[in-house]
Structures are given as structure tokens and as C-alpha cells.
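Asker: Sequence:
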Amino acid sequence: MSLPALAGWEATRDSLHAISQLLTGLRKALTPPQPLAQHLALYVTAAGLSTGETAAGEFTLNFANSTVEYRELGGKTVWLPLAKYADTNALAQELFGEVATGNDLSKVKLPENTPLNITPALSAEYGVALYRIYTAVSRFRARLIGMMTPAVVWSHHFDLSFLWFKGNELDDYKPHINFGFSPASEGFPRPYLYVTAYPLPEGIMEQALPDPATWYNGDWKGIVIDYDALANLNNPDDKLEVILMTIYRLYAGKL
0 MSLPALAGWE
10 ATRDSLHAIS
20 QLLTGLRKAL
30 TPPQPLAQHL
40 ALYVTAAGLS
50 TGETAAGEFT
60 LNFANSTVEY
70 RELGGKTVWL
80 PLAKYADTNA
90 LAQELFGEVA
100 TGNDLSKVKL
110 PENTPLNITP
120 ALSAEYGVAL
130 YRIYTAVSRF
140 RARLIGMMTP
150 AVVWSHHFDL
160 SFLWFKGNEL
170 DDYKPHINFG
180 FSPASEGFPR
190 PYLYVTAYPL
200 PEGIMEQALP
210 DPATWYNGDW
220 KGIVIDYDAL
230 ANLNNPDDKL
240 EVILMTIYRL
250 YAGKL
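Using numbering that gives the first Met the number 0, the first residue of the sequence shown is number 0, and each one after it goes up by one.
It should be emphasised that the hints constitute simulated quantities derived from the structure, not laboratory data. A few of these clues could be false.
Computed spacing ranges between beta-carbons, pair by pair [claimed, not checked]:
#1 Ala46 - Glu97: 15 to 21 Å
#2 Ser137 - Leu169: 17 to 23 Å
#3 Pro114 - Gln33: 31 to 37 Å
#4 Asn88 - Pro198: 23 to 29 Å
#5 Glu52 - Glu93: 17 to 23 Å
We treat Cβ as the ideally placed atom computed from N, Cα and C, and that holds for glycine.
Kindly produce the complete structure, drawing on both the sequences and the hints.
Answerer: Right, here's the structure in full:
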């Protein structure tokens, strides 16, 4: 089955991105610092993105039904329909009013106020696409041996990623490979997967890659897998696992 088309979803994408940054602000304020800034990450679920459990409870951006959900620790659950809010400030104001008393939200850094323009069907499409990519990446990740970070979403660029380390230290200044999926970025208006390595092995970009992966030699250097090309393959989820393993073996042997 092909992956969702994600056609004409830019306004929805940007709105979801802004809301994810609001959730990251909550998680940062309500969660102790963790190595490699993992306290800033969001977890992928079948519904969407979650802060996981914080001091105030769990916050979820539900792509499937276009809501933000707040589950108080041992208490109520609140659903806020995103169609109700004109912008992220309006959403934040009501959400903060629902948070259990006794939680200090003064340190929550709000994202730049962003108009919310979400098409529910496109939000649900992205939820399916992200969860399928996440599941394929997680199956691939489970076959690797060594030190790794979790596969999580970083709201700064709205990308899913994890790091594999060549050695036995979780240190992003040590040799590692970064596997990720981005819904868009500067120079890439459409979704894509990426693989980068630190340090970049000498001569690596002369090596052949499995279709539809290509080398990118611009403001960063690495591998790009075009989402649209992947989406139309037979069994794209399984193909992605195979492609990522081929790329891993190419990089890991030269780090």
C-alpha cells in the first residue's frame, strides 16, 4: 500500500509544527533535563505526538482527530479541538487554564504566535504517514547493535530522528550516524528522509546508493530519500527498511 500523498498540506503542516513547539515548551518546563536534550523531544504514537508523562501529566497532539489532549496525572482528560482556535496563543491560553493547579507554567517558552489553518483530513494523513515511517525506522533500528538514541520528533525542525554511535558513548561529538524524516525544510519543500554521518567519511559520496536514495551536497552533506518517490513503491515500508540497512552498512564500515 502506498504512503499518503500529503498533497496541498503546507498550511496544515505549518500549523501542526507550531503546536508541536508549544508541546515542547511544556515538556521542557515540566521535565528534568536529560542527556542529549531528550527532554525536548516528543514521542510518536499511533494518535500523533506526545510529551510523555510530565510533572503535570501528558500532552498529546492528536493528528487523527485534530485535537490537543491533556491527561492530568490521576485525574481528568481534556480534549481541545484545534478548529476552535485562531492561533497558537489562543490555544495555549485555554490549555494552560486546564493544567492542574500547583504546576508552574511561568517558564514555558511559547512559540512565535502562528495562525492555525488545519484541514482535518490532511492532519490525519500526516499522522498515518509519520507513524508508518516511524514504524519502519523503528524496525530497522531494532536490528542495529550499539549505542543509540530513541527515535523521536524534534519540534524545532519538526523532524523524526535517531542517532547510532560507533563507540560506547552517547556523545554527538563522537562518530555517529543520524537517520531522520523531515516534512520539509529550506530547499526541500516536500517531505524526505535523510541520513548524515559525523565525521563524513572521505570519498563516501562517490559510492552508489539504492534507489530512490541520492547524495546531497549542499549546505549539508548526506543522503536524501524523496518521500514521493518512496511513497509510490510497492511495499514502501519494507523497502525503506532495506534501503536504510544498506545505507547503514555503507556508512558504518567507513566511520
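Asker: None of the hints should be skipped; say for each whether it holds.
Answerer: Hints and how they fare:
1. Ala46 - Glu97: 15 to 21 Å: 18 Å, holds
2. Ser137 - Leu169: 17 to 23 Å: Hint holds: Cβ distance 18 Å, inside 17 to 23 Å.
3. Pro114 - Gln33: 31 to 37 Å: Once the Cβ atoms are compared, 32 Å apart, the range 31 to 37 Å for Gln33 and Pro114 holds.
4. Asn88 - Pro198: 23 to 29 Å: Distance hint for Asn88, Pro198 is violated at roughly 42 Å.
5. Glu52 - Glu93: 17 to 23 Å: 22 Å, holds
Hint 4 alone, counting from the list given before, is not met by this structure.
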